[in-house]
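Protein chains: 2
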Amino acid sequence: IYNQEDVQLEGLLNEVHYADVAEIINELAAEEATYLIKLLDSDKTSDVLTEVDDDLREAILGNLSSKEIAEELEELDTDDAVDIIAELSEERQQEVISNIEDEEHKEEIKELLKYAEDTAGGLMAKELVKVYDTWTVAGCLRRIRGQAEEVTRVHSVYVVNKQDELVGRLSLKDLIVAKNEKKIADIYISNVDYVNVEDNVEDVAKVMSKYDLEAIPVVDNSKTLLGRITIDDIVDVLKEEADKDYQLAAGITQDVEADDSIIELTRARLPWLFLGLVGGVGAFLIMEGFQDTFNKYAVLFFFTPLIAAMAGNVGVQSSAIIVQGLANDDVKGSINRRLIKEMLLAALNGTILALFLFFFVWVTKGDVNTAFAISASLVVVIIVAGLIGTFVPLFLNKQGIDPAIATGPFITTSNDIFGILIYFWIAKMVLGI
Amino acid sequence: IYNQEDVQLEGLLNEVHYADVAEIINELAAEEATYLIKLLDSDKTSDVLTEVDDDLREAILGNLSSKEIAEELEELDTDDAVDIIAELSEERQQEVISNIEDEEHKEEIKELLKYAEDTAGGLMAKELVKVYDTWTVAGCLRRIRGQAEEVTRVHSVYVVNKQDELVGRLSLKDLIVAKNEKKIADIYISNVDYVNVEDNVEDVAKVMSKYDLEAIPVVDNSKTLLGRITIDDIVDVLKEEADKDYQLAAGITQDVEADDSIIELTRARLPWLFLGLVGGVGAFLIMEGFQDTFNKYAVLFFFTPLIAAMAGNVGVQSSAIIVQGLANDDVKGSINRRLIKEMLLAALNGTILALFLFFFVWVTKGDVNTAFAISASLVVVIIVAGLIGTFVPLFLNKQGIDPAIATGPFITTSNDIFGILIYFWIAKMVLGI
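Quick mapping for you: the protein sequence lines, in order, are chains Z and F.
Residue numbers for the first sequence follow this note's numbering, beginning at 1 and rising by one.
Residue numbers for the second sequence follow this note's numbering, beginning at 1 and rising by one.
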């Protein structure tokens with residue numbers, strides 16, 4: 001397909017949905033991608049740009065002039081335009097902005113650039129349909145026709161008073177059903193959910209998914225209507241959140257994908273592996289400390305991987321449940337009650353597992369004392385691991401630290417060390433050495 | 001607040017959003033919850049019921065008569081009504097359905113009950129606004145006003161031909177802007193995304209989030225319009241998916257929450273712990289098999305927890321990246337290329353980590369040979385662990401098995417065993433014993 005057959009190619013690409021074009025472009029090198037991007041209709045190009053992978057977009061933008069970028073931005077809703085422009089260097093941002101011709105669009109983009117990326121302000125768009133409570137239904141419909149030209153999809157019509165303060169909302173349905181001469185003040189719904197421009201995006205996501213909202217207005221501290229956030233942006237936020245938590249649980253910091261370079265992947269993975277190495281050295285020091293036990297009961301040492309694995313698994317399980325509960329606002333009430341419950345749970349699971357281990361060691365080694373020493377300490381190790389797994393995320397959360405880092409290597413490593421220490425300590429005690 | 005002060009309580013609850021009422025009710029026992037539910041306005045009750053926790057809802061429904069349940073269902077959209085009714089016993093379902101007075105609603109619910117929960121049919125609602133392509137804009141607006149009364153939110157207007165086959169869509173905006181005498185056939189957008197009623201919900205979620213859709217029509221094999229799915233249901237699907245994957249990675253099967261009973265939590269956690277136990281026994285057998293090495297190089301045994309931990313961590317990292325890539329459709333191309341990349345990555349990370357370990361062992365033990373043996377095998381163990389972590393999810397995915405089960409205890413346990421085996425084998429070889 002690739003012999004500069006521009007016309008056919010152009011026709012082909014312009015018929016396809018922009019998300020599909022973006023997928024095709026993701027497979028190409030930066031040069032070819034830029035070539036294709038230039039070939040597309042400009043209203044499609046801009047949408048494609050928002051969907052393309054971050055790294056590739058950076059490369060494509062590098063190949064375009066400030067004027068060309070500005071032209072793309074004119075076609076986009078303000079929120080998407082800001083997302084793209086925020087990736088450019090400070091200097092380049094100024095250049096591109098000065099090239100935007102539509103004055104209103106330019107001002108709005110400048111305003112949105114001020115908000116931090118993880119706040120409601122960083123997610124909102126300026127495009128919305130706003131009516132004053134003093135208007136009539138007929139006048140309102142007329143104005144909406146005007147405003148709606150700019151807005152790709154009309155979700156809700158927001159009602160403001162003379163001071164531009166949000167007072168309520170109108171659904172398009174209500175507007176269509178209402179009589180023409182009625183005043184907006186008589187038909188609007190005053191019960192309207194909204195978020196503050198400085199709210200965290202995760203809180204916005206919680207509110208929107210809790211109340212099943214498709215769009216939510218954003219206001220400042222004096223309740224002035226500033227913009228709106230739509231559910232499709234929230235879907236992206238939720239996905240990123242889930243991906244981040246999943247990666248943290250697996251010991252991967254920074255947002256990486258399978259296709260990223262080896263250097264990027266190393267940067268995301270190596271620190272956690274290093275933590276594991278330090279933990280392993282700790283385990284080594286503990287085992288060396290118990291070296292004198294060794295000559296008598298070498299068999300104890302052969303069970304350390306089992307003890308470490310169980311401590312790690314139990315710790316990850318209990319921390320994952322707490323982390324998820326915290327994310328869903330399900331975990332309330334006293335920490336003590338949680339810890340007692342986890343203790344009972346771990347004691348039950350631990351006892352069942354220890355029974356199996358007891359019979360295995362007894363049968364293969366023929367020594368009841370050793371079997372008892374090993375399985376008794378397994379129970380204690382599992383209980384302690386469960387308590388650490390429950391306590392650490394709750395503690396981090398209280399300190400305002402993202403509890404998601406508590407699952408994965410962090411818990412595994414600390415539980416390995418504690419587990420092995422407790423194991424030798426108890427086994428020695430039981431065996432009387 | 002709880003001395004049967006019905007009137008105040010009723011007034012209070014009816015003012016609050018149903019999602020908040022559901023949250024309050026979740027904190028109560030079944031008896032009290034049923035009492036409150038009966039107190040509420042019936043249109044609110046039904047919404048509250050859809051938001052309450054599964055277990056509690058079951059208890060509340062058990063306390064209501066079939067007639068009372070039927071009344072709640074009348075107030076709900078068909079998709080939510082079906083979700084509730086599907087939780088009842090076969091017999092109870094029949095009773096409740098026969099008590100629904102609205103004949104159309106009854107038939108629609110019966111139809112939806114036929115579809116499996118994890119298909120587009122199980123997620124869709126029958127409430128939608130449908131117009132024929134032969135209508136005019138004015139006639140269309142009149143009919144929409146009629147149909148829209150039943151539909152809580154109008155997302156899109158779907159255009160069908162005489163055979164009820166989906167041919168396109170109209171946005172409310174286009175309809176408002178268009179002239180009254182125009183034919184629908186002239187203004188509708190024929191480029192409409194849709195899903196088949198038998199499509200898997202995860203695929204529906206992918207399509208809707210890829211194309212940023214807020215609603216999608218559902219059709220059967222002959223393209224007859226059957227219903228629609230809205231983005232808020234998809235948000236729930238995405239959340240459940242993410243929660244499930246996260247739990248699987250932590251070794252928790254079945255959907256459990258922090259507040260579930262100890263028995264339920266044990267059922268979700270114990271099988272994976274048992275797998276860990278079996279793995280630990282495997283590690284024991286391997287170490288015992290190398291017992292003769294033991295007397296000479298006891299220090300080797302003190303590093304097994306380190307080796308096992310590193311093998312586990314690397315395996316979890318690489319499998320998590322692949323599982324996430326598969327879920328996002330990012331992982332394409334040959335398995336071999338992935339494996340080579342992971343090998344290079346693991347070799348790089350392994351070498352860096354091994355260098356630290358080498359110096360540590362050298363300095364503390366003063367024996368270059370031992371230090372070299374341990375760190376050389378660490379590199380190999382990390383490479384093998386990375387390859388297993390990459391290969392297993394890709395393989396499971398090819399076999400049509402959810403690759404998410406490959407992260408967590410499954411990978412950790414198998415990597416522990418392989419890691420320890422390789423470690424002793426290489427260390428023995430290097431040390432010439």
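No wet-lab data here; the hints were simulated from the structure.
All figures in this text were calculated on a predicted structure; none of them were measured in a lab.
In this text, a Cβ means the ideal position worked out from N, Cα and C, and glycines have one as well.
Please note that a few of the clues may not be correct.
[Unchecked claim] Far from chain F, some chain Z residues (derived; all Cβ distances over 12 angstroms):
#1 Glu31
#2 Asp53
#3 Glu95
#4 Asn99
#5 Lys162
#6 Gln163
#7 Met208
#8 Lys210
#9 Arg338
#10 Val380
[Claimed, not checked] Mimicking DMTMM-like on lysine to aspartate or glutamate, the simulated pairs with C-alpha atoms at most 20 angstroms apart in a straight line are:
#11 Z:Lys341 / F:Asp255
#12 Z:Lys210 / F:Asp236
#13 F:Lys239 / F:Asp220
#14 Z:Lys210 / F:Glu51
#15 Z:Lys332 / Z:Asp232
#16 Z:Lys210 / Z:Asp174
#17 F:Lys114 / F:Asp55
#18 F:Lys130 / Z:Asp174
#19 F:Lys365 / Z:Asp292
Taking the hints in turn, this is what the structure says about them:
Listed as a non-interface residue, Glu31 of chain Z keeps its Cβ farther than 12 angstroms from every Cβ of chain F; the least gap is roughly 20 angstroms. At roughly 9 angstroms from the closest C-beta of chain F, the C-beta of Asp53 of chain Z falls inside 12 angstroms, breaking its exclusion from the interface. Residue placement check: Glu95 of chain Z keeps its beta carbon more than 12 angstroms from all beta carbons of chain F (closest about 29 angstroms). Every CB of chain F is more than 12 angstroms from the CB of Asn99 of chain Z (nearest about 27 angstroms), matching its label as outside the interface.
Chain F leaves Lys162 of chain Z outside its interface by the beta-carbon criterion, the shortest separation being 26 angstroms against a cut-off of 12 angstroms. For Gln163 of chain Z, the non-interface assignment is confirmed: its Cβ lies about 26 angstroms from the closest Cβ of chain F, beyond the 12 angstroms cut-off. Annotated as non-interface, Met208 of chain Z brings its C-beta within 12 angstroms of a C-beta of chain F; the closest such distance is 8 angstroms. At the 12 angstroms boundary, the C-beta of Lys210 of chain Z falls inside the reach of chain F, the nearest C-beta of that chain being 5 angstroms off.
Arg338 of chain Z, annotated as away from the interface, has a beta carbon of chain F within 12 angstroms; the closest lies near 7 angstroms. No beta-carbon of chain F is positioned within 12 angstroms of the beta-carbon of Val380 of chain Z; the least distance is around 15 angstroms. Among the hinted pairs, Lys341 of chain Z with Asp255 of chain F is consistent with the structure: their alpha-carbon atoms are about 18 angstroms apart, no more than 20 angstroms. Straight-line distance between C-alpha atoms of Lys210 of chain Z and Asp236 of chain F comes to about 10 angstroms, which keeps the hinted pair within the 20 angstroms bound.
About 27 angstroms separates the Cα atoms of Lys239 of chain F and Asp220 of chain F, which puts this hinted pair outside 20 angstroms; it is violated. Taking the CA atoms of Lys210 of chain Z and Glu51 of chain F, the gap is about 9 angstroms. The hint holds against a cut of 20 angstroms. For the proposed pair Lys332 of chain Z and Asp232 of chain Z, the alpha carbon gap of about 30 angstroms is over 20 angstroms, so the pair is violated. Our distance criterion of 20 angstroms between C-alpha atoms is broken by Lys210 of chain Z and Asp174 of chain Z, whose separation comes to about 23 angstroms.
At roughly 23 angstroms between alpha-carbon atoms, Lys114 of chain F and Asp55 of chain F are farther apart than 20 angstroms, so this suggested pair is violated. For the hint linking Lys130 of chain F to Asp174 of chain Z, the alpha-carbon distance of about 18 angstroms falls within 20 angstroms, and the restraint holds. A C-alpha spacing of about 17 angstroms is found between Lys365 of chain F and Asp292 of chain Z, which places the hinted pair at or below 20 angstroms, so the restraint holds.
Checked against the numbered hints listed earlier, the structure breaks hints 2, 7, 8, 9, 13, 15, 16 and 17; every other hint is satisfied.
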